[in-house]
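Q: Residue strings, one per chain:
Number of protein chains: 2
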Amino acid sequence: MAIDLIEMGQAARKAAFELAQMSTTKKNELLMTMAQALVANTEVIITANQTDLKKAKEMPQNFVDRLTLDEARIKDMANGLKQIANLPDPIGNIDTGWTNQDGLKIVKRRVPLGVVGMIYEARPNVTVDAAGLCFKAGNAVILRGGKEALATNTKLAQVLQDVLQANGVDQNAIQLITETSHHVAEKFMQLNGYLDVLIPRGSARLIQTVVQKATVPVIETGAGNCHIYVDEKADLGMAEKIVVNAKCQRPSVCNAAETLLVHQAVAETFLPQVAQALAKYHVELRGDERTCEILGDAVPASERDWDTEYNDYILTVGVVDTLADAITHINAHNTKHSEAIVTDSYQNGQRFVDEVDASTVYINASTRFTDGFVFGFGAEIGISTQKLHARGPMGLEALTTTKYIVNGNGQIRQ
Amino acid sequence: MAIDLIEMGQAARKAAFELAQMSTTKKNELLMTMAQALVANTEVIITANQTDLKKAKEMPQNFVDRLTLDEARIKDMANGLKQIANLPDPIGNIDTGWTNQDGLKIVKRRVPLGVVGMIYEARPNVTVDAAGLCFKAGNAVILRGGKEALATNTKLAQVLQDVLQANGVDQNAIQLITETSHHVAEKFMQLNGYLDVLIPRGSARLIQTVVQKATVPVIETGAGNCHIYVDEKADLGMAEKIVVNAKCQRPSVCNAAETLLVHQAVAETFLPQVAQALAKYHVELRGDERTCEILGDAVPASERDWDTEYNDYILTVGVVDTLADAITHINAHNTKHSEAIVTDSYQNGQRFVDEVDASTVYINASTRFTDGFVFGFGAEIGISTQKLHARGPMGLEALTTTKYIVNGNGQIRQ
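Each protein sequence line maps, in turn, to chains A and B.
Going by the UniProt record's numbering, the first sequence opens with residue 1, and the numbers climb by one from there.
Going by the UniProt record's numbering, the second sequence opens with residue 1, and the numbers climb by one from there.
The hints are simulated quantities; they were obtained by calculation from the structure and are not laboratory data.
Among the clues, some could well be false.
It does not matter which identical chain is meant; a pair holds if it fits inside one copy or across any two.
Unchecked claim - Using 27 Å as the maximum straight-line C-alpha spacing, the simulated DSSO-like pairs for lysine-lysine come out as follows:
| id | residue 1 | residue 2 |
| --- | --- | --- |
| 1 | K213 | K187 |
| 2 | K55 | K26 |
| 3 | K105 | K241 |
| 4 | K233 | K105 |
Because the structure is a prediction, the values reported are computed rather than measured.
Okay, chain A solo, but in the shape it has when bound (with noise of 0.2 Å):
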C-alpha cells in the first residue's frame, strides 16, 4: 500500500499529545474557525463532490442523496461546528475524588481518549461532525469514508487540516485515509498501539465487519431492531399515535420500530383500528398466525422477519398471550437498541423496563427519541448498543476516558 498506517497512528498520537493539553478556549476557536472555512469553500468541496456524483451515477437514489452536498448542506456542516464549539468541554471534569485510609487524595480526572478511529460509509457529513466531536473532546481522528465518497472527504479534510495549521496547530489531529482498499481497512481495524477506539458508523454489514476483524476496542453503534409492545392496559389511542410514530416518521433511522407486538386482550381492536392509521402510510405488515387471521391483508411473517431491521415502510406484527411472552420475544430478538410499551399499568410498565434488555427502555413514548440531540447531549457521534463504556446515544463524554491523579507525601505501601 502506498500509504503507512503505521506513521499515521504515530503522527495522530503526537497531535493527540498536544490537543489532550489544549485550553477549551483554544479549540472552540479553532472549531468556529473551521466552520468558516467550509462555508468559504463551498465552491471547490462542491466541485469535490461533482467528481465522486460523477461516478455514483449508476447507484441507488437514497446512495446518491446522502452523497450529493449542495450549499444548504455545507452550511449544515459548518452550523454543526458551531453548535459542538458552544457545548460544554467534559475535558478536565472530576469525576469523583476521596481522601484513602492512607491519606492519599484520589480524583478522578475526564481526559481525552487519545486516537479515535472512525469507519463509515459515503456520507461526508460524517467527516465534519465526527472530526468535529474527536476535536473538541481532545482526541485525534483518523478517518475512513467510504470509497464513493473520497474526493468530497479529502477536500473536506484538507480544509479543516488548512485551519489547524494556518493556526499553528500539528494538522495530524485530523486525518483522513484517502486509500480505501479493504487491505488498508483491515490494517486500521488492527492498529493496536495506536488507536485507542474505532467506531464504525453505517449498515449493520459494515459494523459487523468491524467487530470480526478489529484487534482494537471497537464500539457498536447503530443496528437498531426496536418493538413496540401495546399492553392489555393501554390508551389505544396513544398506541396507535406511538405505533405510527415510531414506525412512519423516519423510517430509515435506527431507532424507528421494526416489530409491532400486541396483547391478546386488545389484538381484535387494536389490530384493524393500527393497520388502518398504517395504511395512510402504505406500511406493508407481516403478521404471525393470529394477525394474519385478524388482518386479512397481513402477509405471513417468516422466522427472518422477527429479526431484520427493515429500515422501510414494512412492520412484523404478533399477537402474545402475556407480558411475560412479549419481555421473552423481544430480549431474543432484539439488538439492544430501543424498546418500548404503551400501557396504563404501573405494575406492567415498571415490570417491562427492569426486564428488558435494552439501551433504552421507554414507556408510553415513540422509539424515535433515543438520539444524542434529543437526550440533550447536543451532539452525538452514534447510538452504542453493546455494554462497555457507552450504552445509548454517545455525545461528547464518551469520547473521553478517566484518569486517576493521586496526591501524596511520600506514602510507601506496606
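Following the hints, complete the assembly by docking chain B onto the known chain A.
A: Showing chain B alone in chain A's frame:
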C-alpha cells in the same frame, strides 16, 4: 469438542436474566452460603488440588505455589466471598436523570453487564473471586481457568453451583469450561451474542492472545511497565523510600516499578544513594550510559529493557535532562498503568500528572497503591490498562453497565 459453548452461552443468558432481577439480600445470602460451603468442603477441594499438584511437579516453584490450596487459603477464599457480600450493590443505582424538552423523564440506571467471560491461568483463587464479584453485580459468569488447575477449578465451581441449586437458583449463573484446549479457548473468545465482555487475567502473553483473537468486547488488564521519575526538586530521602518500595515491596505484581528516571541535576547524588538502598534487596540495575558512568557496577541496559516488565528484582535506570524528556520517555515506553513523580515543585508535579498518559498518576507516592482494595472499592476484578469502559482498578461497578429508562405520557417525535 465435547462441550458445547453455544449451549453454555444460552444457559448463561437465561441465568443472567434471573440474576438481574435478584434482590441484594438474596445475592448476599447466597454469597455467605457459598463461603460456608467452601470451608465445609475443604477436604474434597484439597483432594482435587492434589490431583493437579501431582501433574505440576515439574513446574517452577512459584507456579506450584500459586496452584496450591490448603486450609488457610480456602478460608481466605471464603472470607473473600463474605467481603463481597458486605459491599454495597451497584445494581439499581441511578447515575443521573433529567427531564428533556419533550417532557420525557429520563434516568440512567445501573444494570448488570449480563454474561461475563473470564480467562485466566492456574490460580484457583481467581475462580472463586471472579465468580463472587460477577454474582454480586448480577452477572452470569463463564470461567476458563488454566488447564493445570482443572481438577481444582472443577471442584470449586461444583461447590458454588451446588449452593445455587440447593437454593433454587439457576446453577448456570456460574459455569466452568472443563475442556481446556486452545481450540475451545479461541471459540470462547468469539462467542459473540453470548458474552457481553471477556476479561483476561494473567500474563502479558495471555492478555495479548485474547486481544488478538477475541471478537467479543475485551477489557485489557494488568500489564505494568511502571516508572518512577525523581525530579530535580525531589526530596531525595522520600524518593529513595518510594523507589525501594515500588521496586521491592512485591516485585511480582503489575504496579511494581520497572524503570527509574532521574533528573541529571540530582543524578550524581541520588543514584549512589538509591543503589545502596536497593543493594539490600539484591536488585540488579540496568543503566543507560550516564547511569553506568555514575554507578560503576550497573549493567548497560539494552533497548528492550526499557519496555520490559521484569516482575523481578531488576530495575532499568536512566538519567534525563529535563522533566519534558522524562514525560516523553514514559509516554513512549509505558503500558498506561501507573506512573509517579517525586518532586517538591508544584509546577513540575502538575505538568507530570497532566501530560503522562496512564490509568493512575502519582505525585510523591509509590506506584504500589494502584489496587482496588487500597482505593477503597472493597474488591478488584483486575486493573484496566485500556481506555474504554473502565481505567485503573476495577471494582464491582466495572462489572455493570447502564440502561436509559424513559417515562413518557404519549410523546411522539415531530
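Q: Give a verdict on every hint.
A: Status of each hint after checking the structure:
In this assembly of identical chains, K213 and K187 lie within 27 Å of each other by CA distance both inside one copy and across copies; the values are 9 Å within and 15 Å between. Proximity of K55 to K26 under the C-alpha cut-off of 27 Å is found in neither arrangement, the shortest distances being 39 Å within a copy and 64 Å between copies. Taking identical chains as interchangeable, the C-alpha atoms of K105 and K241 lie at most 27 Å apart only when they sit on different chains, with a minimum of 19 Å there against 54 Å within one chain. In the homo-oligomer, the alpha carbons of K233 and K105 lie at most 27 Å apart only across protomers (21 Å), although the nearest pairing inside one protomer, at 53 Å, exceeds that limit.
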